[in-house]
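Novice: Read off the chains here:
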Amino acid sequence: MSLYALQKLLFTLNRDPALQAAFKADPAPVLDGYRLTDEERGAMTAHDVGLLYVLGVNGQILMHFAAFCGFAWPDYLEAMREGVRRHGPVRAGVYALTSSLDEKVAGL
Amino acid sequence: MSLVFAGVTSHGPGITARPETADPVVRDAFFAALGSMRQQLEAAKPDALVVIAAEHFANFFMNNMPAFAMGMADVYEGPIEDEAWLKIKRRDDIPGDADLSKRLITEIMQTVDVAFAEEWRFDHGISVPLHFLTPDYGLKIIPVNINCQGPPLTPLHRAWAFGEALRRACDKVPERIAVIATGGISHWPATPDSGKINEAWDRDFLDRWSRNDRAALTAYTDAETYRDGGQGGFEIRTFIALAACAGGQGDVQFYGPIPQFAVGCTVGVMDIVEP
Numbered sequence: 111m112s113l114y115a116l117q118k119l120l121f122t123l124n125r126d127p128a129l130q131a132a133f134k135a136d137p138a139p140v141l142d143g144y145r146l147t148d149e150e151r152g153a154m155t156a157h158d159v160g161l162l163y164v165l166g167v168n169g170q171i172l173m174h175f176a177a178f179c180g181f182a183w184p185d186y187l188e189a190m191r192e193g194v195r196r197h198g199p200v201r202a203g204v205y206a207l208t209s210s211l212d213e214k215v216a217g218l
Numbered sequence: 300m301s302l303v304f305a306g307v308t309s310h311g312p313g314i315t316a317r318p319e320t321a322d323p324v325v326r327d328a329f330f331a332a333l334g335s336m337r338q339q340l341e342a343a344k345p346d347a348l349v350v351i352a353a354e355h356f357a358n359f360f361m362n363n364m365p366a367f368a369m370g371m372a373d374v375y376e377g378p379i380e381d382e383a384w385l386k387i388k389r390r391d392d393i394p395g396d397a398d399l400s401k402r403l404i405t406e407i408m409q410t411v412d413v414a415f416a417e418e419w420r421f422d423h424g425i426s427v428p429l430h431f432l433t434p435d436y437g438l439k440i441i442p443v444n445i446n447c448q449g450p451p452l453t454p455l456h457r458a459w460a461f462g463e464a465l466r467r468a469c470d471k472v473p474e475r476i477a478v479i480a481t482g483g484i485s486h487w488p489a490t491p492d493s494g495k496i497n498e499a500w501d502r503d504f505l506d507r508w509s510r511n512d513r514a515a516l517t518a519y520t521d522a523e524t525y526r527d528g529g530q531g532g533f534e535i536r537t538f539i540a541l542a543a544c545a546g547g548q549g550d551v552q553f554y555g556p557i558p559q560f561a562v563g564c565t566v567g568v569m570d571i572v573e574p
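From first to last, the protein sequence lines are chains E and R. Each residue of the first sequence is one higher than the one before, starting from 111 at the first, in the numbering used here. Each residue of the second sequence is one higher than the one before, starting from 300 at the first, in the numbering used here.
Any given hint might turn out to be false.
In silico SDA-like cross-links for lysine to any residue, where the CA-CA straight-line distance does not exceed 25 Å [stated by the list, open to error]: (1) R:Lys386 / E:Val215; (2) R:Lys386 / E:Leu218; (3) E:Lys214 / R:Val325; (4) R:Lys388 / E:Thr122; (5) E:Lys134 / R:Asn358; (6) R:Lys386 / E:Ala177; (7) R:Lys386 / E:Phe178; (8) E:Lys214 / R:Pro318; (9) E:Lys118 / R:Glu382; (10) R:Lys344 / R:Gly546.
Please keep in mind that the hints were generated in silico from the structure rather than gathered at the bench.
Let's have the full structure, built from the sequences with the hints guiding it.
Specialist: Here is the structure:
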């Protein structure tokens, strides 16, 4: 688990259009700059927002990456639930799921 | 001159991003309360508006996270969010006042170690309130951040101390200063629980805030807040700092849970009492 590095990458990516363009063209060299586990690296490459959520990425960082990947807001919320279905509970951080898996609370 | 206005408001991005999804009755009452707050703010004729915010990784990250930070620039940028999503136009010419910031920060530092920042990018935490309160961007803005995001968080009693220091600083400058705090009470933003709102917890907090009950406002542990108010509940720090700054009784002019905005939407104004 290298959540700090993963979140640092996402924080930087969220802020830097040049890095976003580089990531879109070829994520590998961008990811090489951070000490990520294979699981984290795979989640970034696959735009697996659900797994990134389970790994503990703060939602205030993750929501920007989801938008960058083209997720509409309700799809982003559902992707996180799907992540918990597939990978189990959130493993770190302060953004754990507290409602039941199929409970929709956003009114959307 | 002194502090001339003190208020609190919510800042959830859904407020501008997706207003059409909310119950129009509650939404319109909330927007009307924000319009009224704008009138009260303008009637106080401030020279500058200090915004005590709880930012979301627009400027600060866990590589160097300040407990308190304050802008010290003549110009700010924002919002950082996608314009089409937040529905607020991005600007790079939001007016600040570096000289005024420097004088305020210098005084605050006598009792609270505040970081200063000569650049600052606003996120929805500041841009959503400004969209309603100063939509023509004619008022100088001074941003403040309290760490409500990356634990260990700023202790509540330190948020109170910051508010007292800010008040002392406001009263020492010749300008007329307005202060607003923006944040949610209970909410679970940007999680699958986005839209969950603990109305009873919110109303209890607002009761403590309205009474300006220092002991009750600073009694929460982070574990209690997380359990009852979610990670978004950590933003009560901004409301607490504002209460310490103003010193009087609070008037909650609107409170209404709007799940689509992911927060119990709040508008409040607090009396300014001589310290």
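Novice: Against each hint, give a clear statement of whether it holds in the structure.
Specialist: These are the hints, each one checked on the structure:
Distance restraint check for R:Lys386 and E:Val215: the Cα-Cα separation of roughly 23 Å lies within the 25 Å cut-off, and the hinted pair is therefore satisfied. Restraint check for R:Lys386 and E:Leu218: the C-alpha separation of about 18 Å stays at or below 25 Å, so the hint holds. Distance hint between E:Lys214 and R:Val325 is fulfilled; the C-alpha atoms sit about 20 Å from each other, no more than 25 Å. For the proposed pair R:Lys388 and E:Thr122, the alpha carbon gap of about 22 Å is at most 25 Å, so the pair holds.
Between the alpha carbons of E:Lys134 and R:Asn358 the distance comes to roughly 24 Å, so the proposed pair stays at or under 25 Å and holds. Pair hint R:Lys386 plus E:Ala177 holds up; C-alpha atoms about 14 Å apart against a cutoff of 25 Å. A threshold of 25 Å between alpha carbons decides the hint, and for R:Lys386 with E:Phe178 the separation of about 16 Å falls inside it, so the pair holds. Pair hint E:Lys214 plus R:Pro318 holds up; C-alpha atoms about 19 Å apart against a cutoff of 25 Å.
For the given pair, E:Lys118 sits about 24 Å from R:Glu382 by alpha-carbon distance, which is consistent with the 25 Å threshold. A distance of roughly 20 Å separates the Cα atoms of R:Lys344 and R:Gly546; the hinted pair therefore holds under the 25 Å criterion.
Figure legend: structure checked against the earlier numbered hints; every hint is met.
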